[in-house]
Amino acid sequence: ETGVTQTPRHLVMGMTNKKSLKCEQHLGHNAMYWYKQSAKKPLELMFVYNFKEQTENNSVPSRFSPECPNSSHLFLHLHTLQPEDSALYLCASSPGQGPDTQYFGPGTRLTVL
Amino acid sequence: RKEVEQDPGPFNVPEGATVAFNCTYSNSASQSFFWYRQDCRKEPKLLMSVYSSGNEDGRFTAQLNRASQYISLLIRDSKLSDSATYLCVVNNRGDSNYQLIWGAGTKLIIKP
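Residue numbers (this note's numbering), protein chains in the order written: chain Y, 1 to 113; chain S, 1 to 112.
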């Protein structure tokens, strides 16, 4: 399935590095999301974009910086991360920001050394 | 109290058995409810929505109890391929937006 793609699939970075995660959806959806999933914890919603405008920022530290150039692409820029930021980062999209089904990408497994 | 609570399991169940698990939610104004399935090292995928009258999809039955604020998932004639983590999701309506609140998931292991 290639509805929502994410790159890279795995990323190892040091605390001083800068990297970016990329998400692309081919479903014609208008809303896109970044989630963080840590072991044995619920998915944590980080950011929501609806029609390219950020509509939610759930008190995410500034070392995570999202970018949504258009409705199909979403980036998460990372800098000076901490080891506790190691997690699976999932991108999702939905037709709108209503009670719609969310379609997830395969995620990026991030390890911060 | 967590907004959405699930028994983490794991539930170890023999193939062919029936298994049920519940999920409780704290916001009485929650409007819609879902079960997602997440296989090991994969992304979550929608299993089924949960309707007020209850709904069935093949071997899967979902129920909603608004008075007690829980939803349930029943799996009949379980298959090895049902092994996964089942995520309960509740949709709350804020001032202008909807927001999905996720449970941490219940792990199900079906044994031959």
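Source of the hints: derived by calculation from the structure; they are not laboratory data. Being a predicted model, the structure only gives us computed values, none of them experimental. The beta-carbon is built from N, C-alpha and C at its ideal position, and this holds for glycine as well. Take these hints with a grain of salt, some might be off.
Said to hold, decoys possible - Estimated spans, in silico, between C-beta atoms of each pair:
(1) S:Y70 x Y:G96: 26 to 34 Å
(2) S:Y70 x Y:E53: 30 to 38 Å
(3) Y:R109 x S:E56: 31 to 39 Å
(4) Y:T2 x S:D7: 29 to 37 Å
(5) Y:T80 x S:T18: 36 to 44 Å
We went through each hint and held it up to the structure:
1. Between Y70 (chain S) and G96 (chain Y) the Cβ separation comes to about 28 Å, which falls inside the hinted range of 26 to 34 Å.
2. Between Y70 (chain S) and E53 (chain Y), the C-beta spacing of about 35 Å keeps the proposed range 30 to 38 Å intact.
3. Judged by the Cβ atoms, the range 31 to 39 Å given for R109 (chain Y) and E56 (chain S) holds: they are separated by roughly 36 Å.
4. One distance hint, 29 to 37 Å for the beta-carbon pair T2 (chain Y) and D7 (chain S), holds here, with the actual separation near 34 Å.
5. Separation of T80 (chain Y) from T18 (chain S) is about 50 Å and departs from the stated range, judged on CB atoms against 36 to 44 Å.
The structure is inconsistent with hint 5 alone, although it conforms to all the rest.
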